[in-house]
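Participant: As a plain string of letters, each chain reads:
2 protein chains.
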Amino acid sequence: MIIFLPYGRRLKASKGKTLLDAALDAGVKIQSFCGGRGLCGRCRIVVRSGGENLSPPSEAEKRILSEDELSGGLRLACQAEIVSSGEVLVEVPVESQAYKQRLVAGGLETPVQLKPAVRRLVVEVRRSTLEDAESDVEVLLEALERKIGDRPTVSYEALKRVPYAIREGDWTVTVVLWMDKEIISIEPGRPNEVPYGLAVDVGTTKLAAFLVDLESGKTVATASDMNPQISYGEDVISRISYIMEGEGNLERLHRTVVDGVNVLLREACKAVGIEPSMVYDMTVVGNTAMHHIFLGISPKYVALSPYPAVVRSPVDVKAKDLGVEMNIGAYVHALPVIAGFVGADAVAGILATGIHESDEVSMLIDIGTNTEIVLGSKERLAACSCASGPAFEGAHITHGIRAVEGAIERIWIDPETLEPAYKTIGDVKPRGICGSAIVDAVAEMFKTGIIGVNGSFRSEVEAPRVRCDGGTMEFVVAWKEETSTGKDIVVTQSDVREVQLAKAAIYTGTSILMKRMGIEPLEVEKVFIAGAFGNYIDPESAQIIGMYPEIPLDRVQFVGNTAGSGARMALLSTDVRRLAEDVAKRVRYLELGADPDFQKEFLKATHLPHMELKRFPNVVRFLKGKARSGDKGLKSL
Amino acid sequence: MIIFLPYGRRLKASKGKTLLDAALDAGVKIQSFCGGRGLCGRCRIVVRSGGENLSPPSEAEKRILSEDELSGGLRLACQAEIVSSGEVLVEVPVESQAYKQRLVAGGLETPVQLKPAVRRLVVEVRRSTLEDAESDVEVLLEALERKIGDRPTVSYEALKRVPYAIREGDWTVTVVLWMDKEIISIEPGRPNEVPYGLAVDVGTTKLAAFLVDLESGKTVATASDMNPQISYGEDVISRISYIMEGEGNLERLHRTVVDGVNVLLREACKAVGIEPSMVYDMTVVGNTAMHHIFLGISPKYVALSPYPAVVRSPVDVKAKDLGVEMNIGAYVHALPVIAGFVGADAVAGILATGIHESDEVSMLIDIGTNTEIVLGSKERLAACSCASGPAFEGAHITHGIRAVEGAIERIWIDPETLEPAYKTIGDVKPRGICGSAIVDAVAEMFKTGIIGVNGSFRSEVEAPRVRCDGGTMEFVVAWKEETSTGKDIVVTQSDVREVQLAKAAIYTGTSILMKRMGIEPLEVEKVFIAGAFGNYIDPESAQIIGMYPEIPLDRVQFVGNTAGSGARMALLSTDVRRLAEDVAKRVRYLELGADPDFQKEFLKATHLPHMELKRFPNVVRFLKGKARSGDKGLKSL
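Protein sequence lines correspond, in order, to chains B and F. Counting in our numbering, the first sequence runs from 1 upward without gaps. Counting in our numbering, the second sequence runs from 1 upward without gaps.
Simulated from the structure, these hints should not be mistaken for lab results. Quick caveat, the model's predicted, so the values are computed rather than measured. Mixed in with the good hints there might be a few duds.
[What the hints assert, rightly or not] To give an idea of the interface, some chain B residues facing chain F are shown, with a C-beta separation under 10 Å as derived from the structure:
{"#": "1", "residue": "89"}
{"#": "2", "residue": "156"}
{"#": "3", "residue": "225"}
{"#": "4", "residue": "226"}
{"#": "5", "residue": "228"}
{"#": "6", "residue": "276"}
{"#": "7", "residue": "298"}
{"#": "8", "residue": "306"}
{"#": "9", "residue": "490"}
{"#": "10", "residue": "493"}
{"#": "11", "residue": "497"}
[Stated by the list, open to error] What the simulated footprint calls covered on chain B by chain F, stretch by stretch (three residues with Cβ under 8 Å from a Cβ of chain F suffice, anywhere in the stretch; the number is not a length):
{"#": "12", "region": "5 to 13"}
{"#": "13", "region": "136 to 150"}
{"#": "14", "region": "157 to 166"}
{"#": "15", "region": "199 to 212"}
{"#": "16", "region": "549 to 562"}
All residues carry an ideal CB built from backbone N, CA and C; glycine is no exception.
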């Protein structure tokens with residue numbers, strides 16, 4: 001028997017299972033970033049008794065946990081395997097409990113006129129007689145031809161249902177048409193069932209799904225979760241490497257993400273009380289690798305020069321071929337991609353922000369594990385991509401968590417006292433720091449001189465919050481008395497380094513893209529910062545750390561999950577799908593790796609805000625104004 | 001341990017298995033018509049020792065086997081279940097051994113110009129570069145467009161292979177195109193692999209398959225076997241009833257026949273040393289119920305007035321959706337059907353015989369468990385169907401067997417001595433009688449006065465070969481000393497009755513069809529007798545018993561398996577497919593059941609050759625001439 005505290009859930013012990021799997025079976029959600037590979041150390045649990053019924057600590061545990069922790073009963077749930085059937089009392093500490101992530105559902109979205117790819121039609125067919133025993137399909141198509149002026153094809157799945165539907169419906173049936181070209185479903189009579197669609201954003205780290213009533217156009221439910229592929233690598237490149245390692249790995253990753261989407265599909269359907277079989281259409285966006293893997297296509301060559309996509313044009317494929325468990329006749333529409341590293345999510349972002357039809361020059365920065373940048377106007381568009389890593393999603397940060405309840409989402413530091421203030425999601429006790437606050441923290445630490453232009457903690461700063469722990473400098477955001485974990489929440493030197501690398505990657509992308517297009521920062525009339533990570537990055541903080549060139553802040557707008565918005569727009573209208581295809585063809589792709597200046601630019605951009613301070617005159621002026629009396633760090637800028 | 005004699009095959013006993021299944025496992029083929037339901041009594045075996053390890057005789061065995069037989073160790077293999085693991089010595093008598101059936105592969109066939117639905121094309125694609133990293137699909141379609149002037153779609157299965165094929169083939173690939181509309185397969189380089197196709201005739205009783213080289217048009221292998229659906233009913237109606245009995249029964253029958261086709265597919269491929277994945281196309285014909293079940297479509301309403309087909313137009317469906325294990329991207333093309341009881345096999349027969357383009361009036365009689373009749377010329381065509389039963393395939397006949405080695409295929413009876421002569425397939429000792437000889441036997445027995453116009457044995461005939469066994473009259477065709485079974489081979493009164501019913505059904509169909517079209521027998525310039533049962537029915541014997549109206553014999557031609565021929569023609573040419581669709585629309589279907597004269601006509605037709613002798617003036621004249629001296633039976637006609 002395994003008993004989980006504080007939930008009180010009980011479960012019969014199954015030998016060979018890890019505590020992580022057992023917890024899942026018991027409905028207890030434990031955090032895990034690395035997918036149970038003993039790498040991230042997020043699934044710490046305390047074994048209160050019965051430790052002898054578990055496997056001894058693994059190498060991974062010995063690496064991640066201290067001897068004191070191990071002797072105190074601390075284990076990694078993913079490593080501790082049940083070896084005998086005795087009782088084990090497991091406590092899941094609050095910082096290891098997985099919470100539902102907050103999702104930015106409402107990304108900026110350009111309104112579209114409803115014209116979905118599927119529609120239902122009630123059809124009355126003539127009865128066949130002994131004198132004229134015409135086939136069921138023939139009488140159905142005859143009637144449809146009278147209604148829509150054309151004869152669609154009949155999908156194999158619908159074909160098999162035709163004779164039953166016609167007779168159970170007493171010669172009245174309701175068909176669901178796809179693109180007016182194919183009957184994908186047939187039901188007897190006039191069931192009062194609206195067809196639904198699901199717009200899906202397959203992020204490297206996160207999945208988001210939007211369930212839409214296709215007759216009203218309304219989003220009736222949203223669902224989101226981690227991309228379960230994360231077990232096989234945190235970023236695009238490591239997943240592609242995994243695929244290249246073995247024969248069945250592509251199929252495994254494909255199944256994993258499709259299963260994840262199926263979970264969201266069921267969850268969204270459950271929320272509004274419908275069956276997944278009532279979902280007749282799906283649009284999918286994602287970066288090219290995610291897009292390809294979702295479709296079961298190998299992204300192997302996407303990772304090899306010249307980084308071509310396997311397919312750029314939109315792909316329509318039967319849901320059942322992919323294993324998506326919606327209506328059996330339904331199609332999945334994958335939006336087009338621009339290049340190997342600028343995917344359908346960027347196309348969706350363009351559609352959502354309307355960059356492609358604007359007279360003004362706009363820039364879209366879609367921040368994720370991979371960040372895509374699009375720059376241009378209706379005249380011309382170019383895009384590039386940069387590997388910014390998952391820091392802004394809370395990974396690789398000491399106390400980083402996703403945007404869940406208890407996550408610190410804003411941080412301010414008093415320039416005189418160096419005492420911080422913060423705000424948590426849900427206004428509860430903090431349990432960690434999410435992406436937006438990590439950007440804030442670095443910006444504020446820089447503004448207040450705690451760290452210097454190179455990102456290092458400045459030795460001359462002395463304050464109760466600044467300390468050295470085991471040789472590493474850190475800033476205490478919240479004392480353990482204030483937190484729900486009973487531990488201090490800190491930002492360490494290495495956390496600052498992660499942010500520097502991430503922001504440098506993004507800055508380099510924006511600056512090279514602008515240089516190649518001959519566009520100066522001040523010519524950019526609009527900057528859209530997008531991301532599906534659930535928290536609003538403060539444009540000022542982002543500019544202070546130098547995430548993008550200096551552009552007046554009133555031109556910068558956080559627009560949320562535009563990938564999801566674009567997917568939803570394409571779900572609502574086939575005109576948008578055509579537009580997406582057109583836009584994807586128009587965008588010129590720039591390969592950053594091919595740019596001779598890349599390395600140099602990247603290195604310079606790791607500084608705060610940048611090694612060439614003249615690129616950030618206003619930030620410098622602002623910082624000088626903010627500088628604490630007596631502190632020479634900022635004054636000397 | 002189960003030991004099978006005379007094969008000497010040994011097999012570990014599995015409790016709960018029947019001896020029939022055990023034999024199959026041991027590679028010992030035992031005859032079974034009813035599919036192991038204890039109905040046909042064909043799977044008799046002798047238990048030499050170890051009977052205590054088997055279940056006691058079932059009710060079915062007690063019904064079919066005499067007490068003497070049971071006490072002598074005779075059992076039905078399908079009923080005797082293994083109950084313990086002791087040794088059982090089983091002898092399979094020669095008449096229970098299943099032989100490979102002779103197949104009429106070479107049906108009449110109108111030559112067609114080769115224009116298959118699939119073709120392969122070698123395509124050289126341009127390499128993508130860092131400056132222009134176009135997608136794999138785009139460079140492929142560009143190259144194809146230059147070659148064929150159009151851009152086909154890419155099947156999902158092919159899409160997944162595109163990146164590998166392009167690179168493994170060093171930017172040269174071979175694609176297989178379906179209808180020039182879809183890339184269904186892609187291979188690297190220029191493999192020297194011809195695409196093959198399989199033409200399949202799904203008969204109620206038999207399956208026949210023809211493997212065709214689609215570049216030469218040559219049939220390279222044929223394969224045939226029983227339709228394994230026979231376990232679920234011998235005729236169309238009993239299978240439809242089975243489907244109506246339970247939810248999963250349609251799926252079960254569908255899987256069963258598809259599995260049967262897969263066996264033939266593998267067998268044909270093995271014969272020429274190719275992989276089933278090299279088979280890229282399949283055409284299928286069958287009566288409407290077989291056609292529907294093969295496609296997984298319920299034929300339920302085909303059996304209910306007004307007997308409509310679910311679909312009449314040709315159906316193209318992915319092989320993988322059906323479970324056909326050829327190339328994963330391949331399509332199966334099911335030819336169109338004419339009506340609920342005149343199927344794609346009749347359409348194929350029309351194409352093969354060319355009735356639809358002839359100036360002369362022709363009649364096609366395609367004899368099977370269900371017999372289809374088509375009458376007309378290029379001006380007009382009509383068709384009907386009749387349930388003639390499986391007698392001509394050797395079923396329901398005391399010593400009836402299929403056209404396998406050792407089957408008597410011709411019988412003659414000396415009018416003076418009443419001594420028979422016969423010919424067996426393979427010129428070996430006889431083991432039973434197949435369909436053609438059954439027709440001969442009845443015709444000869446009638447000609448020689450052994451039976452009268454009503455089909456009854458005539459009491460006044462005395463001869464060593466004519467005897468009464470257990471109250472039933474019978475004619476001994478072969479004495480046990482001559483046979484390989486060690487038993488007399490006879491034709492009984494009930495065998496004659498079976499033939500009378502079968503031929504009456506066919507005659508009624510032909511005569512009502514002619515009446516409804518206003519065509520007299522002498523206006524019919526050509527009679528094509530078709531069938532897939534492996535033996536050539538003698539047109540004279542068939543006319544003597546009155547299987548069809550009296551038409552000069554030089555106009556009658558046995559044309560073999562025209563269903564298979566038509567399927568092969570459609571495999572060779574998409575023009576033929578279009579023609580088939582056109583022909584299927586043109587043929588008027590006549591529902592015999594709706595004809596007021598049906599019952600009366602049928603009853604009159606059960607006589608030999610017919611109750612109204614004036615319909616057969618030449619037969620009567622011929623018979624009178626043949627009559628034995630002193631016998632008043634025929635003289636009195």
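Participant: None of the hints should be skipped; say for each whether it holds.
Facilitator: Verification of the hints:
With its C-beta approaching chain F no nearer than about 47 Å, residue 89/B sits outside the 10 Å limit, and its interface hint is violated. Given hint, residue 156/B at the interface with chain F, holds; its Cβ is 5 Å from that chain's nearest Cβ, closer than 10 Å. For residue 225/B, the shortest C-beta to C-beta distance to chain F is roughly 26 Å, which exceeds 10 Å, and the interface hint is violated. Interface hint status for residue 226/B: violated, as the beta-carbon distance to the closest one in chain F is roughly 26 Å, over 10 Å.
About 21 Å separates the beta-carbon of residue 228/B from the nearest beta-carbon of chain F, more than 10 Å, and the hint is not met. Interface restraint check: residue 276/B against chain F, minimum CB-CB distance 21 Å, threshold 10 Å, status violated. Of the supplied interface hints, the one on residue 298/B holds, with its beta-carbon coming within about 6 Å of a beta-carbon of chain F, less than 10 Å. Annotation: interface hint on residue 306/B holds; nearest CB of chain F at approximately 4 Å, less than 10 Å.
The beta carbon of residue 490/B comes no nearer than 44 Å to any beta carbon in chain F, farther than 10 Å, and the hint placing it at the interface is violated. Look at residue 493/B: its Cβ only gets to about 37 Å from chain F, farther than 10 Å, so that hint breaks. Interface restraint check for residue 497/B: the shortest CB-CB distance to chain F comes to about 31 Å, outside 10 Å, so the restraint is violated. With 0 residues having a beta carbon nearer than 8 Å to a beta carbon of chain F, the region 5 to 13 of chain B misses the requirement of three or more and the stated coverage is violated.
A stretch counts as covered by a chain when three or more of its residues have a beta carbon under 8 Å from one of that chain; for the region 136 to 150 of chain B and chain F the count is 3, and the coverage holds. Given as covered by chain F, the region 157 to 166 of chain B passes the check, having 5 residues with a CB less than 8 Å from a CB of that chain where 3 are the minimum. With 0 residues having a beta carbon nearer than 8 Å to a beta carbon of chain F, the region 199 to 212 of chain B misses the requirement of three or more and the stated coverage is violated. A count of 0 residues in the region 549 to 562 of chain B with a Cβ less than 8 Å from any Cβ of chain F is obtained; the coverage claim is therefore unmet, three being the minimum.
Consistency with the previously given hints fails for numbers 1, 3, 4, 5, 6, 9, 10, 11, 12, 15 and 16, ordered from lowest to highest.
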